[in-house]
Each structure stands twice: as structure tokens, then as C-alpha cells.
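Novice: Sequence:
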Amino acid sequence: MNTTGNKGYVYKATSVAAIGGLLFGYDTAVVAGAIGFIQKQYGLSATMVGWIASCALVGCIAGAMFAGKLSDAIGRKKVLILSAILFAVSSAGILLPMSLTWFVIFRFIGGLGIGVASMLAPMYIAEIAPANIRGQLVSINQLGIVSGILLIYFVNAAIAGWHDETWNITTGWRWMFGSGLIPSVIFLILLFSVPESPRWLAQQQRWVAAKFILTKINGAAKAEEEVKDIKATLNLEKSSFADIWAPAVRKPLIIGVVLCIFSQVTGINAIMYYAPEIFKSTGDATDSALLQTVLVGAINLLFTLVAIKYVDRWGRRTLLLLGCAGMAVCLAIVGSAFYFDMAKGYLVLVAILAYIAFFAVSLGPLAFVVIAEIFSNRNRGMAMSVCIFFLWTSVYVVSQSFPMLLASIGSAFTFWIYMLMSVLAFLFVYKLIPETKGKSLEEIERFWKVKNVEAEPLIVPKTSNI
Numbered sequence: 343m344n345t346t347g348n349k350g351y352v353y354k355a356t357s358v359a360a361i362g363g364l365l366f367g368y369d370t371a372v373v374a375g376a377i378g379f380i381q382k383q384y385g386l387s388a389t390m391v392g393w394i395a396s397c398a399l400v401g402c403i404a405g406a407m408f409a410g411k412l413s414d415a416i417g418r419k420k421v422l423i424l425s426a427i428l429f430a431v432s433s434a435g436i437l438l439p440m441s442l443t444w445f446v447i448f449r450f451i452g453g454l455g456i457g458v459a460s461m462l463a464p465m466y467i468a469e470i471a472p473a474n475i476r477g478q479l480v481s482i483n484q485l486g487i488v489s490g491i492l493l494i495y496f497v498n499a500a501i502a503g504w505h506d507e508t509w510n511i512t513t514g515w516r517w518m519f520g521s522g523l524i525p526s527v528i529f530l531i532l533l534f535s536v537p538e539s540p541r542w543l544a545q546q547q548r549w550v551a552a553k554f555i556l557t558k559i560n561g562a563a564k565a566e567e568e569v570k571d572i573k574a575t576l577n578l579e580k581s582s583f584a585d586i587w588a589p590a591v592r593k594p595l596i597i598g599v600v601l602c603i604f605s606q607v608t609g610i611n612a613i614m615y616y617a618p619e620i621f622k623s624t625g626d627a628t629d630s631a632l633l634q635t636v637l638v639g640a641i642n643l644l645f646t647l648v649a650i651k652y653v654d655r656w657g658r659r660t661l662l663l664l665g666c667a668g669m670a671v672c673l674a675i676v677g678s679a680f681y682f683d684m685a686k687g688y689l690v691l692v693a694i695l696a697y698i699a700f701f702a703v704s705l706g707p708l709a710f711v712v713i714a715e716i717f718s719n720r721n722r723g724m725a726m727s728v729c730i731f732f733l734w735t736s737v738y739v740v741s742q743s744f745p746m747l748l749a750s751i752g753s754a755f756t757f758w759i760y761m762l763m764s765v766l767a768f769l770f771v772y773k774l775i776p777e778t779k780g781k782s783l784e785e786i787e788r789f790w791k792v793k794n795v796e797a798e799p800l801i802v803p804k805t806s807n808i
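Per the working numbering, the sequence shown starts with residue 343, numbered consecutively.
Just so you know, not all the hints are guaranteed correct.
Derived DSSO-like pairs (lysine-lysine); straight-line CA-CA distance at most 27 Å [to be verified]:
id	residue 1	residue 2
1	LYS354	LYS558
2	LYS686	LYS382
3	LYS564	LYS651
4	LYS411	LYS553
5	LYS570	LYS349
6	LYS573	LYS420
7	LYS573	LYS781
8	LYS354	LYS420
9	LYS411	LYS781
10	LYS349	LYS573
11	LYS651	LYS781
12	LYS558	LYS570
13	LYS553	LYS564
14	LYS573	LYS553
15	LYS651	LYS773
16	LYS573	LYS593
17	LYS564	LYS781
18	LYS354	LYS411
19	LYS411	LYS570
20	LYS354	LYS781
Okay, the calculated beta carbon distance ranges per label pair [as the list claims (entries may be wrong)]:
id	residue 1	residue 2	range
21	GLY752	VAL692	40 to 50 Å
22	ALA562	LYS354	40 to 50 Å
23	PHE682	ILE531	45 to 55 Å
24	ALA415	MET746	23 to 33 Å
Hints were generated in silico from the structure; no laboratory data involved. Where is the CB? At the ideal position from N, CA and C, for every residue including glycine.
Given only the sequences and the hints, what does the whole structure look like? Please build it.
Specialist: Right, dumping it as C-alpha cells:
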């Protein structure tokens, strides 16, 4: 009898789900290397540059909205399979030399896949992960995202070097998008080797299958305990959007939505999507700007590994506070460098790399960790859909507005706006985010049902191992 669980089983399922995160990063960041060439081919205005860079995000918003309801109906695994298919269709379609309208259509299809994966991958991981390493495992999804971003930066730079600029303007950028077909097919194949979420199986009253998977994850004794816990907290009636406004769900929903908004309006995707153009504005040539963008991706990956190591040791709240404070300082420096005409040289590069590091240990992975933890088994799918909807809406607003802000108020004030958002994010975390490390999903669910929150604080005491 399995008494201790199988960590290899858990890590395999987590790693496969995290490929969804890799595709999320790959497919969103591919535009960073292509947007300059697309602008030249079609003679785009600043507004159109924003639209072409962010049109996939309309699909992300739609994908996030239907993913929760659909995954409650047919299962987490099947909807992840759907996201892999959407990624593949989008990549293959953009390879075809069709009009800009068709480009937008296929980017929308890819956006649907991104929206689905961005919500389902962390939720699936949270629902299979043991409580003591759940933060670490859900953060692996963010590792997938930043790995995808770094990978596409290398792919973009490699493709851009195949031929001259004329070829890149007419053809090269299509190959940048089309390269996503390879990881999409790999993701699709590997998804058939992982189990369904045991908590979704429990929702369907498939207790034997749920207990079998929980036993493989945690061992027989712990699985028995978890099944009893799930039964005690799970209302088997179907969830609806009205349910997530019930008193026990309302506060975590508001926290999740606002945290997702702050994870984007602090400016991360303005840098990720437009990094080459930002570095060009400091006087760097195209080749140098692309290489600096690769450095951005490498720092993002490195410090996500730091977050994975410490999230279950230091806790979500501590890392969020540290990250938001550091981001605010770095953005103040970037804005000041542009304002005082000190952007030449390495000051902006160093400040942006430090900003990326602080984001990667905090809002980057932990927004997904927190929203994957704080909702009940019954309402998790629906509530996470709402949170991810607001996340992608915020990404769209930032991506669409960034080139227009640069054109209207300049680089300095644009980055200072993001600095102000980072300060507000710090205050929000300090006032409202509870600590959830080491708690089972069912313990967290019971916490929100306690009328007097102060009577049973979930914050880790100062004497804990932090």
C-alpha cells in the first residue's frame, strides 16, 4: 500500500501543466521581436501598433471567461487539451501569408488558448499539489511562463538573423509566430499522460477515482483524510456566477481580482512586449536591443527560481511586499533617467533588470498562487475565471495604452504611473492579503467562513520559519 505518496507523480503532472504556462509566455512575448517588423510592413500608427500587439489579449479575456465554467462541466484536463489545440491552430495560421485581418483572427484564436491555459494550469496544479509544497508547485507554472518568454526571445533573435531586414519585414516575423507550433504539439501529446484533477472528480462524485489519485499523491492515510475534508467542504450543487458573490466568497474574490489587476498595471507587460523598442529609445541598435531583451528574459527566469525556492518557506505575503517595494523603487529610477535625460548607457537597463527581478519573486508567480488557493472547491473554477478575466483586461489596457502614453506624456511620466501602481499594490498586500502557506485548500476555505477573521488569523506568526 502506498503510505508516503509519489512525488515523481506529482512533479510529472505539474511539469506537463506548466507547459501550458510556457505556451502562455511564448505566445504573448513573441510579439516583442515581431512588432517592429510588422509596423514597417504595414506602416502602422501608434494606435495600430498597440492594437496589433494586444489583439490576442481580446481572445485571452474571452478564453479566461469560458474556461472556468467549461472546466467545471467537462474537467480540467480536457480544457487544457483544448488550449493546446488553439495554440497550434494560431501558430499554423499566422505562417500563411495572408492579410493583417487574418493575422488578427489567428492571434485571437491563440489568445483563447492563452486565456484558458493561464487560468487552468495553476488551478490544476493547486488541486493536485500537497499543501506543504503547493506554493512551490504552482510557482512552477510561472517558471513555465518565464521560460517560454526567454525561449521566444532566443527564437526571435535567431530567426531575425537568418536573413536581412527586408526578409524579416515580409516573412521573418511570421516564422516567429509559427515557431509556436512545435511546443503546442508537444503539450498536446503530453497531456494524455497526466491524471484528471482529484478535486474535480470529487465534484462529479467520482470518489473512487479521486481517492486513487490522492493516494498516489499523498499516500493512503493522507488521502483518506483529504477525502473526508473535501466531502465536508464540498457542496455538490453546481456553481454559478451568483454564488461567487456570497459572503464567504466575496472577500477572497475581491482580493483575487485586485491582486490580478495590480500584477499587470505595475507595467510588466509594457516591458515584456516592448522591451526592444524601449532599449532602442535609449540609443541602442536593433541587434543590441534584442540581446538586452534576452537578458530581461534570463533575469525573469532566474528570479522565478528564487520565488519557487522560498515561497513555501518565507510565505506569499512576505515575498509580495518585498517585490512591490522593489518594483516601485526601480520604476522611479527608470522614470527619472528619462526625465533628466540620463537614459543613455546602462542605468535604464540595470533598473529594468532589477524591476524584473522583483516582479519575478512576487507578483509574477504569486498572483497565480494566491488565486489558486483562496477559493472553495465548489467555486474555484468560476472565481478564478473572473480573476483571470480582470488580469487579461488589465494586460490589454496596459499593452494598448503604452505606446500611446509614450507618444502623449513621454517615457518618464509613463514609468512613474507604473511606480504609483506599485506603491498602491504594496499597501493593498499589507492591508488585505492573508498568509496561506502550509494550509490545505479546505483549511483556507474554512478560514473565509469564519465571521470574525481576527479571531483566527491565517497570517504566519513572526516566530515561524521566515
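Novice: Next step is simple, just say for each hint if it's right about the structure.
Specialist: Here's how the hints hold up against the structure:
1. At most 27 Å may separate the alpha-carbon atoms for a hinted pair to count; LYS354 and LYS558 meet this at roughly 12 Å.
2. Note on LYS686 and LYS382: the hinted pairing holds, with a Cα-Cα distance of about 25 Å set against a maximum of 27 Å.
3. Between LYS564 and LYS651, the direct Cα distance comes to roughly 24 Å. Compliance with the 27 Å bound is thereby established for this hinted pair.
4. A distance of roughly 24 Å separates the Cα atoms of LYS411 and LYS553; the hinted pair therefore holds under the 27 Å criterion.
5. Taking the CA atoms of LYS570 and LYS349, the gap is about 22 Å. The hint holds against a cut of 27 Å.
6. This hinted pair checks out: LYS573 and LYS420 have alpha carbons roughly 24 Å apart, not beyond 27 Å.
7. Restraint check for LYS573 and LYS781: satisfied, since their Cα atoms lie roughly 17 Å apart, inside the 27 Å limit.
8. The hinted pair formed by LYS354 and LYS420 meets the criterion: a straight-line CA distance of about 17 Å does not exceed 27 Å.
9. For the hint pairing LYS411 with LYS781, the CA-to-CA distance comes to about 26 Å; that is within 27 Å, so the pair holds.
10. Between LYS349 and LYS573 the alpha-carbon distance is near 24 Å, which keeps this suggested pair within the 27 Å criterion.
11. At most 27 Å may separate the alpha-carbon atoms for a hinted pair to count; LYS651 and LYS781 meet this at roughly 18 Å.
12. This hinted pair checks out: LYS558 and LYS570 have alpha carbons roughly 17 Å apart, not beyond 27 Å.
13. Restraint check: the Cα-Cα separation between LYS553 and LYS564 comes to about 10 Å, which is no more than 27 Å; the hinted pair holds.
14. For the proposed pair LYS573 and LYS553, the alpha carbon gap of about 12 Å is at most 27 Å, so the pair holds.
15. With a C-alpha separation of about 25 Å, the suggested pair LYS651 and LYS773 falls inside the 27 Å cut-off, and the hint holds.
16. Of the supplied pair hints, the one linking LYS573 and LYS593 holds, its CA atoms being roughly 23 Å apart against a limit of 27 Å.
17. About 14 Å separates the Cα atoms of LYS564 and LYS781, which keeps this hinted pair within 27 Å; it holds.
18. A C-alpha spacing of about 26 Å is found between LYS354 and LYS411, which places the hinted pair at or below 27 Å, so the restraint holds.
19. For the hint pairing LYS411 with LYS570, the CA-to-CA distance comes to about 25 Å; that is within 27 Å, so the pair holds.
20. For the hint pairing LYS354 with LYS781, the CA-to-CA distance comes to about 22 Å; that is within 27 Å, so the pair holds.
21. Judged by the Cβ atoms, the range 40 to 50 Å given for GLY752 and VAL692 is violated: they are separated by roughly 21 Å.
22. In this structure the supplied range 40 to 50 Å is violated for ALA562 paired with LYS354, their Cβ-Cβ distance being about 20 Å.
23. With their beta carbons about 53 Å apart, PHE682 and ILE531 fall inside the hinted range of 45 to 55 Å.
24. Remark: the range hint 23 to 33 Å for ALA415 to MET746 is contradicted by a beta-carbon distance near 39 Å.
The structure fails hints 21, 22 and 24 (numbered hints given earlier, in ascending order).
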